[in-house]
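Participant: Spelled out, the chains give:
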Amino acid sequence: MNRTYLHRLILWAVLLVFAAWFLAPLYVMLVTSLKDAEQIRSGHLLSLPTAPTLDAWAKAWGSACTGVECAGLQPYFWNSVLMVVPAVLVSTLLGSLNGYVLSKWKFRGSETLFAFMLFGVFMPMQVVLLPMSQVLGWLGIASSIWGLMLVHVVAGIPSTTLFFRNYCVGLPDELIKAAQLDGAGFWLIFRRIVLPLSVPILVVTLIWQFTAIWNDFLYGVVFSGADSKPITVGLNNLANTSSSVKEYNVDMAAALIAALPTLLVYVVAGKYFVRGLTAGAVKG
Amino acid sequence: MGALSIQGIHKTYNDTTHILKGIDLEIEAGEFLILVGPSGCGKSTLLSMIAGLDHPTEGSILIGERDVTRLPSKDRDIAMVFQSYALYPNMTVAQNIAFGLEIRKVPKAERQAAVDRVSAMLQIGHLLDRKPGQLSGGQRQRVAMGRALARDPKLFLFDEPLSNLDAKLRVEMRAEIKQLHQRTKTTTVYVTHDQVEAMTLGDRIAVMKDGLVQQFGTPAQIYNHPANRFVAEFIGSPAMNMVDAQRTGHALTAHGVEMAITDAQRAAVQTHGNADLVYGLRPESISFAAQGLPGTLSMIEPTGPETYATVDTGAGKLTARVPGVLQAAVGDAVHLQWSAEQSHLFDRVSGDRVG
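In order, the protein sequences belong to chains A and B.
All residue numbers for the first sequence refer to my numbering, where the first residue is 1 and numbers rise by one.
All residue numbers for the second sequence refer to my numbering, where the first residue is 1001 and numbers rise by one.
Just chain A, same shape as in the assembly:
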C-alpha cells in the first residue's frame, strides 16, 4: 500500500467521523419526528422508527398548541414568509445600489459614510430595541408585519452594502467608463452591466439575508403583535406550552418545519454561495 493511499484513507476517516458528529442532531430530530409517542418512551434515541408516521408533522403544522391557541405553526409560518420575502428583496436591492454608488460613484465623504455603515454591521441588535420601538410607534406600524419588515430591512442594509461594495470594487472602472461613452447613465449601467456581473454576490446576499431574517428571534419577539409573530416565536411558544406529556416528536417536527426553508435555500443555491464567497479572490 502506498503512502498517498494511506493518507487519503486517514483523511476520509477523519472527515466522515466529523460529518457524522455534526449530522447526528439532525438525524435524531428526523427519526424522532417520525416516531409515535409510544416508541419515544420505550425506544432508544438513535433507533429507527419502527412504524414511521407523519402524525407529529401534521400536528406541529396544524393543531399543536402555542399558548392558548391551538392552530399549530401554520399561521406563524405564513407570517414569516410574508415578512421575509419582501425584507430580503428590499434590503438586498438597497445594498446592491449602495455598493454600486460607494465603489463606482464615489463622492466627497463616501468613504466616511461607508465606515459608518460598517459600524452598523458590528452593532449589537439589543442596542436598537428601544429607539426602534419608538420609531415604529411614530410611524404607526408597531406590532405589525410591516414594522417587523422595516426593522429587518434597516438592520440588513449594513451587511448587504458591505457585500456589494467589496464585490463592486473588484469590477474594473474602465467598464463603467466604457458604458458612459456608449451613452449609458447611472441606472442603465447598474441594470445592464453591474447587476448582471454581480450574480455571485447577489446569491450570497440573498441566502445571507434570508437565513438571518428567517432565523431572527429577538426582533420577532419584541416588535411583533399578536397576529404577526414569525415562526421562530411560534416555535418557542409551541415548545414552551406545557401539557401533561412532553411531545418530543411534535417539538422535533416543529423545529424541522421552522428550519426547512433555510435548509432548502442553501441546498438549492449553496454552490453559488461558496463560489460567491471566494469570487474576486482570483481574477477570472
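Worth flagging that the hints you see were computed from the coordinates, not collected in a lab.
A portion of the hints provided could be inaccurate.
In the DSBU-like style, the derived pairs of lysine-lysine whose C-alpha atoms are separated by at most 30 Å in a straight line are [claimed, not checked]:
| hint | chain 1 | residue 1 | chain 2 | residue 2 |
| --- | --- | --- | --- | --- |
| 1 | B | 1131 | B | 1154 |
| 2 | A | 59 | A | 246 |
| 3 | B | 1074 | A | 104 |
| 4 | B | 1074 | B | 1168 |
| 5 | B | 1185 | B | 1154 |
| 6 | B | 1154 | B | 1074 |
| 7 | A | 106 | B | 1105 |
| 8 | B | 1178 | B | 1074 |
| 9 | B | 1131 | A | 271 |
| 10 | B | 1108 | B | 1185 |
| 11 | B | 1021 | A | 104 |
| 12 | B | 1178 | B | 1154 |
| 13 | B | 1131 | A | 104 |
| 14 | A | 104 | B | 1154 |
| 15 | B | 1021 | B | 1154 |
| 16 | B | 1021 | A | 106 |
| 17 | B | 1154 | B | 1105 |
| 18 | B | 1185 | B | 1168 |
| 19 | B | 1209 | B | 1178 |
| 20 | B | 1168 | B | 1209 |
| 21 | B | 1185 | B | 1209 |
| 22 | B | 1074 | B | 1105 |
| 23 | B | 1178 | B | 1131 |
| 24 | A | 106 | B | 1074 |
| 25 | A | 271 | A | 104 |
| 26 | B | 1105 | A | 104 |
| 27 | B | 1131 | B | 1074 |
With chain A's structure known, arrange chain B on it following the hints.
Facilitator: Structure of chain B alone, referenced to chain A:
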C-alpha cells in the same frame, strides 16, 4: 477651426497637484494625433478630458465647432478603446458592439447592419456569439475597436491600446490600426508611451512631459528638429548621443575635441547667452571612416539588418548605427565621421534647442 481644438487646459487636484499646466493643441479632420510621453506626464488625463470622463480646472475643448468642455461623454459623439479593452463580460461580442447603438435607440435592423459592417472590416464575424472571456488578447483588441467603430463617431480615442499585447501581436495590431485609419479617416487621438507607435501611426505628435507639451509637430519635425533635449532623447532608438560641449572662441569643443557645426549653428552659438551646451547626434548620423574622430570600439550589438556600435572617443561615448554586420571586434581602433548638418545643439541648463 480644427476637428479637435484644445485650448489652455489646466488641471489641478486638491489645489496642490498641478497635472496639466496649459495645453494648447489643434488638429484637422481626419488627422491622427499622438499624445506621447513618460508615465505621469498627463497624457492620459488629457485624453480623459477629451472623453468627458474628467473635467479641466481651466480651459476649453472643442470638437468641430462645438464647445464640449462641460458636456457629458455620451453627448460628445466620441468612441474610445481602453487599455484593458473594457468589454462587457456579460454580453456576447455582437452585444458588446451593438450596446452603444442600442442605448441610443437605433432600430434593430440598423444595429445588425452595423455589427455586420464592423465585424467584416475587422474579421471578427466568427466570434460574434462568444463572450469576451473566450477570446484571446488580439481578438479582444479587435472587438474593442469594433465597438468603437460601430457608432461611426466623430472622434476616436485610444488609451494605450497595445500595451497589453505581446511584441509580435503589437506590431500586427499597430499596422491594423493604421490601415483602419487610412480607410475610415476618422479623426483620432491616441495615447502611448511607446515612441515607435508614435512615429509610425501619427500624423501629428504631441510630446508631453510634466503636464506640458514639449513639442507639437509632424513625426519628421519631431525627429529631425527636436525642440529640446527631452524630445531629442525620448524619440529615437537607440537614443540620440549627447555630449557636453563648450563654446571656445568661435569653435565648439567637447573635452578638448572640436565638434563639427554648421555656419548657422556657429552664429547661433555666438549669440547664445550660455556657453555650456550639449551636442547631440543620432546614431545613424555617425559612420565609420578611414579618418575622423578616433576611438576604441567598446561594445557591438548586432540586430541583424543593422549593428549598434559603441565607441569610446575623446569627446565621450558615442553609439553609431551602421547597416549590416560590422566587421570589427571590441577593442579595435576606429574613426568616426558625420556631417555637421546632422548635429543638434541644446542649452545644457534649460535643454532648449540652440541650433
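Participant: When the hints from earlier in the document are held up against this structure, which numbers fail?
Facilitator: 4
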